[in-house]
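With the hints as extra help, turn the sequences into a complete structure.
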Amino acid sequence: MSADGLKQRCWAEKGLWGDCTCSQLGNVIHCRNCATYENAATQHLQTNVLPKLPAVRNSADEFKQSGKAYFIFKCANLYFALSPNYVGEITPISEVHRIPHRSGNAIEGISNINGELVLVIDIYSTFSLVKPETENGLMVLCKFGGENFAFKTESVLGVRKVDEAKIVEVADVSRRFVCESFSVNNLKNINVLDIELLTSAIINRRI
Numbered sequence: 001m002s003a004d005g006l007k008q009r010c011w012a013e014k015g016l017w018g019d020c021t022c023s024q025l026g027n028v029i030h031c032r033n034c035a036t037y038e039n040a041a042t043q044h045l046q047t048n049v050l051p052k053l054p055a056v057r058n059s060a061d062e063f064k065q066s067g068k069a070y071f072i073f074k075c076a077n078l079y080f081a082l083s084p085n086y087v088g089e090i091t092p093i094s095e096v097h098r099i100p101h102r103s104g105n106a107i108e109g110i111s112n113i114n115g116e117l118v119l120v121i122d123i124y125s126t127f128s129l130v131k132p133e134t135e136n137g138l139m140v141l142c143k144f145g146g147e148n149f150a151f152k153t154e155s156v157l158g159v160r161k162v163d164e165a166k167i168v169e170v171a172d173v174s175r176r177f178v179c180e181s182f183s184v185n186n187l188k189n190i191n192v193l194d195i196e197l198l199t200s201a202i203i204n205r206r207i
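Residue 28 in the working numbering sits at position 28 of the sequence shown; the count goes up by one each step and never skips.
Just so you know, the hints here were simulated from the structure itself, not pulled from any lab data. Hints may contain errors.
Derived Cβ-Cβ restraints for the label pairs, each shown as a range [said to hold, decoys possible]:
| no. | residue 1 | residue 2 | range |
| --- | --- | --- | --- |
| 1 | S183 | E116 | 33 to 41 Å |
| 2 | S23 | E133 | 24 to 32 Å |
| 3 | D163 | N77 | 18 to 26 Å |
| 4 | T134 | S200 | 26 to 34 Å |
| 5 | G18 | N105 | 35 to 43 Å |
| 6 | S155 | S128 | 14 to 22 Å |
| 7 | S200 | I99 | 16 to 24 Å |
Pairs of lysine-lysine, DSBU-like flavour, derived with a Cα cap of 30 Å [claimed, not checked]:
| no. | residue 1 | residue 2 |
| --- | --- | --- |
| 8 | K68 | K161 |
| 9 | K14 | K68 |
| 10 | K188 | K131 |
| 11 | K143 | K74 |
| 12 | K143 | K166 |
| 13 | K188 | K68 |
| 14 | K188 | K14 |
| 15 | K74 | K131 |
| 16 | K143 | K131 |
| 17 | K166 | K188 |
| 18 | K143 | K14 |
| 19 | K161 | K188 |
| 20 | K188 | K143 |
| 21 | K143 | K68 |
Glycine residues also receive a C-beta, built at the ideal position from the N, C-alpha and C atoms.
So, in structure tokens, the structure goes:
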């Protein structure tokens with residue numbers, strides 16, 4: 001679609017959040033699978049979110065490169081990635097309140113972010129990682145399936161374009177919530193989270 005389509009938020013007018021008249025829906029099934037939606041999400045992060053983080057440096061030339069866009073962050077000694085389509089905001093870490101009979105394992109609790117109670121997923125516990133002794137990192141607010149959730153991270157690297165030929169599918173049962181991996185620059189084995197599988201497991205209380 002054209003740049004005009006981006007300005008008009010085509011997904012809200014002709015996509016699944018609109019009247020569903022978009023001619024591409026038959027091919028992509030969901031707006032989040034469309035390159036237009038991904039480009040808009042990447043542009044939103046580049047323009048409105050990442051510039052507020054002094055540690056993140058994304059060059060303009062990097063976003064002109066071809067490839068698949070990933071939002072990259074770090075927890076303990078591992079790097080993770082997910083589609084920028086899911087990322088809405090990055091905030092300082094806020095207080096998390098435990099949920100009776102539900103907190104633990106993958107769920108840390110709920111947090112008040114911008115006046116809304118948001119479920120906080122514990123990436124560290126999910127992947128058996130050592131949590132930092134002090135919480136001076138960031139909270140990443142995401143949306144999937146119409147629901148908001150958040151998770152803590154020690155640092156955010158920003159959005160990187162990755163050559164699709166370098167993306168490898170992962171079938172390791174020990175990393176059941178990782179669907180792909182890739183390396184970029186000097187970072188090796190970045191784990192791409194399977195958000196659909198992870199949120200489904202949480203909803204159905206499998207973790």
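Evaluation of the provided hints:
Distance hint check for S183 and E116: the Cβ-Cβ separation is about 36 Å, which falls inside the suggested range of 33 to 41 Å. About 53 Å separates the C-beta atoms of S23 and E133, a value inconsistent with the hinted range of 24 to 32 Å. Roughly 25 Å separates the CB atoms of D163 and N77, a value that falls within the hinted 18 to 26 Å. Checked against the hint of 26 to 34 Å, the pair T134 and S200 passes, with Cβ atoms roughly 32 Å apart.
In this structure, G18 and N105 meet the distance hint of 35 to 43 Å, their C-beta atoms being roughly 38 Å apart. Checked against the hint of 14 to 22 Å, the C-beta distance between S155 and S128 comes to roughly 20 Å, which is consistent with it. Between S200 and I99 the Cβ separation comes to about 18 Å, which falls inside the hinted range of 16 to 24 Å. A threshold of 30 Å between alpha carbons decides the hint, and for K68 with K161 the separation of about 5 Å falls inside it, so the pair holds.
Straight-line distance between C-alpha atoms of K14 and K68 comes to about 24 Å, which keeps the hinted pair within the 30 Å bound. Under the criterion of a C-alpha separation no larger than 30 Å, the hint pairing K188 with K131 is consistent with the structure, at around 21 Å. Only pairs whose Cα atoms come within 30 Å are accepted, and K143 paired with K74 is accepted, the gap being roughly 19 Å. A hinted pair counts as satisfied when its Cα atoms are at most 30 Å apart, and K143 with K166 qualifies at roughly 27 Å.
For the given pair, K188 sits about 17 Å from K68 by alpha-carbon distance, which is consistent with the 30 Å threshold. For the suggested pair K188 and K14, the alpha carbons sit about 39 Å apart, so the restraint of at most 30 Å is broken. Annotation: proposed proximity of K74 to K131 holds, straight-line Cα distance about 12 Å (limit 30 Å). Pair hint K143 plus K131 holds up; C-alpha atoms about 24 Å apart against a cutoff of 30 Å.
The straight-line distance between the Cα atoms of K166 and K188 is roughly 11 Å, inside the 30 Å bound, and the hint therefore holds. Pair hint K143 plus K14 holds up; C-alpha atoms about 20 Å apart against a cutoff of 30 Å. A hinted pair counts as satisfied when its Cα atoms are at most 30 Å apart, and K161 with K188 qualifies at roughly 15 Å. A C-alpha spacing of about 27 Å is found between K188 and K143, which places the hinted pair at or below 30 Å, so the restraint holds.
For the suggested pair K143 and K68, the alpha carbons sit about 19 Å apart, so the restraint of at most 30 Å is met.
Checked against the numbered hints given earlier, this structure breaks hints 2, 14; the rest are met.
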